[in-house]
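Number of protein chains: 2
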Amino acid sequence: MQNLNSEVRSAVITNGAIQLTWTLGQISHLGTYWLRDNCPCSLCRHPGNGQKLYEIVDLPRELSPREAFLAENQTLKVVWSDGHRSSYTQDWLIAHDLSEQARAARRPQVQLWRGDMAASLPAGDWPTVVADPVAELAWLERFSALGFGLLKNVPTEPGAVAEVGDRLGFVRVTNYGRLFDVKSVPNPTNLAYTAVGLGVHSDNPYRHPSPGVQLLHCLESEAPGGDTLLVDGFAAAEILRQEDTVAFELLTTLPMTFHYADGQTDLVAQQTLISVNRDGTVTGVHFNNRSADWLDAPAELTEDWYAAYIQFGRILKRPELELVFRLEPGQCLVMQNDRTLHGRTAFDPNLGRRYLQGCYIDRDAMDSRRRVLRRTITTPFTYLPPPQPARALATAA
Amino acid sequence: MQNLNSEVRSAVITNGAIQLTWTLGQISHLGTYWLRDNCPCSLCRHPGNGQKLYEIVDLPRELSPREAFLAENQTLKVVWSDGHRSSYTQDWLIAHDLSEQARAARRPQVQLWRGDMAASLPAGDWPTVVADPVAELAWLERFSALGFGLLKNVPTEPGAVAEVGDRLGFVRVTNYGRLFDVKSVPNPTNLAYTAVGLGVHSDNPYRHPSPGVQLLHCLESEAPGGDTLLVDGFAAAEILRQEDTVAFELLTTLPMTFHYADGQTDLVAQQTLISVNRDGTVTGVHFNNRSADWLDAPAELTEDWYAAYIQFGRILKRPELELVFRLEPGQCLVMQNDRTLHGRTAFDPNLGRRYLQGCYIDRDAMDSRRRVLRRTITTPFTYLPPPQPARALATAA
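Protein chains in written order, with the working numbering: chain G, 42 to 438; chain U, 42 to 438.
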């Protein structure tokens, strides 16, 4: 990859634009307005926070580089047609290289997983994570790569989950309050506290925006059964893409209407079950049988869409994708809600109590914290190669 | 529109699927899985909250309607191949008609606006909105159609803005806290409290998700100048689409990287400046000169993208789009942050104080409240025709 191994060799102006040549021979053409808008000088950007100090319409209507040359340490110096001067370090030029390879290398590195990782859960000791930035960063990096993480030794006190949420980010209050109870008591009188198994799902897809991260904290788990099920929604989406491109395409383009209503609430949101960005990278999975309301789509597409929906639902049920483990009291599960789907096996509420508390936060604060810690800490964590690539997962199924 | 004026005349099974004929002669083909998944019976959906009680993979692999006929009040009755029986009222069939006209009629009705509406601001009296659900619904309907609203007679006490936020929805806490100060004092010593004008912008596009709604509450406004500027980002986007389809397309597909960093924070998010849904309807505008960091896009597209960005920036500066008014103490401006862009004119901080407080909430809670109120209240509010359609706006500019 050019941007990782190469140095800038020369800079010239060709056809009115700046052309960089790298030592390995590759050539970059730097767009004039693109480059100028990236000028790092203290007239253009606030030295403290990097915010731009001018408006985009303030740039000259006619703009071109008058001079371009390499100075000390391969720093690119530019004198513009309006007399403004800009400097771009070689590090900056490498980090902002727009070649296809460099752009691909910058994409977030996610690590797909399946059920066989039960023995190596991404766990951290909560008191250590709070006290030691190195441990915190290592846990955050694994969370970011895998889409979930486990915290151990969280105090088994009601309300502790919201304190964890406010340490990792900021609790997002909803109509359910700052936190919610998932509670089953022996011989329940209210059917809402059922003990049936729950298929894997995302929480609250009827919300806009739907929660980015869910926390589930175990306070009691005496009842036999009630194990936690997790499935990597991104891995499942890649399997669908491998097995049926048309089905994948339908689920990424036609949104489902999700709905939740009670006496005080009436939440409706449309979401595609699978979201992709312009590169085709999967960026989100929203799957929830219970709150899937109806499909408002062209009539001629509904049956193909439903076939795709059922197919995706069946992939999510494949035993080899299911990570099953028992959440013990004092453990808090933290899940990227638009990637890691969760459910539970059935349990017997007559033989013991089961009591979880949950809350929602957003992911940007966790990502922000990870970036801040990275400024000063080199983490010993390295991304593991996926246990098996998505293609192998698909053919094995 | 068929779904508004027609009744169901007949239901037959043709080629294994149900065909409805409406009194005006139109025909609907109801997809088998689509229709079955919409079964409203109490075995399929929880009677209280409408949540589905089965999983999508539980539906039979082979499914077809065995009988279909119209019963009393044109209710469609279906007996399925697995013996399950479903009933769909005519009202339901009309509300869920998938014809192109019916689908178009269901799209959210937004009302584009421009600067000439200064005399008819969508204002409500806060104590009345709190006490009277009819007034509350009328205010919410206008907010929803226009993308902003004004509340008068909010107590001029610090912190009141968060109370308003928690009444309209739920305050979203961020790294700035539950609320933030926009304060200027005479002879400021800190340049952060500058008095320069600010071009219109969205707040926090570097956040994921970015805030859905912003509140700005005026506590003091003695300084000359400092008027509020608002621009309807949706109207501006429609103008760009009219004037330059290619530029519009670029801004809807290539995302800008927005960034904010300080000692404790490092927030990065990629957003397209204009978002559209599958129908091409504009669903979001994110514009912020200051936190626009850099464009990570294929090199050959950057200059065209920048031309589009500058063009959009110039449209947002057109005086006829700018709604200018003075926010007085006790007034709280509530803005849909991904539609209504806000800025301010310059002011003289040496001649008086200017003190606003702001906070963020999400829009789903406001939409939920509007739907709940609509269950029992018929609002006297009706959508006004836009002062001028987007096309006329574009050609007038």
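Calculated from the structure, these hints are not laboratory results. Treat the hints with care, as some may be off.
Identical copies carry no separate label here, and so any pair may be met within one copy or between two of them.
Lysine-lysine pairs mimicking BS3-like chemistry, simulated, CA-CA at most 30 Å apart [said to hold, decoys possible]: (1) Lys93 - Lys224; (2) Lys358 - Lys93; (3) Lys193 - Lys224; (4) Lys224 - Lys118; (5) Lys358 - Lys224; (6) Lys193 - Lys358; (7) Lys358 - Lys118; (8) Lys193 - Lys118; (9) Lys193 - Lys93; (10) Lys118 - Lys93.
> Looking back at the hints listed earlier, which ones does the structure fail to meet?
Replying inline: The structure conflicts with hints 4, 7, 8, 9, although it agrees with all the remaining ones.
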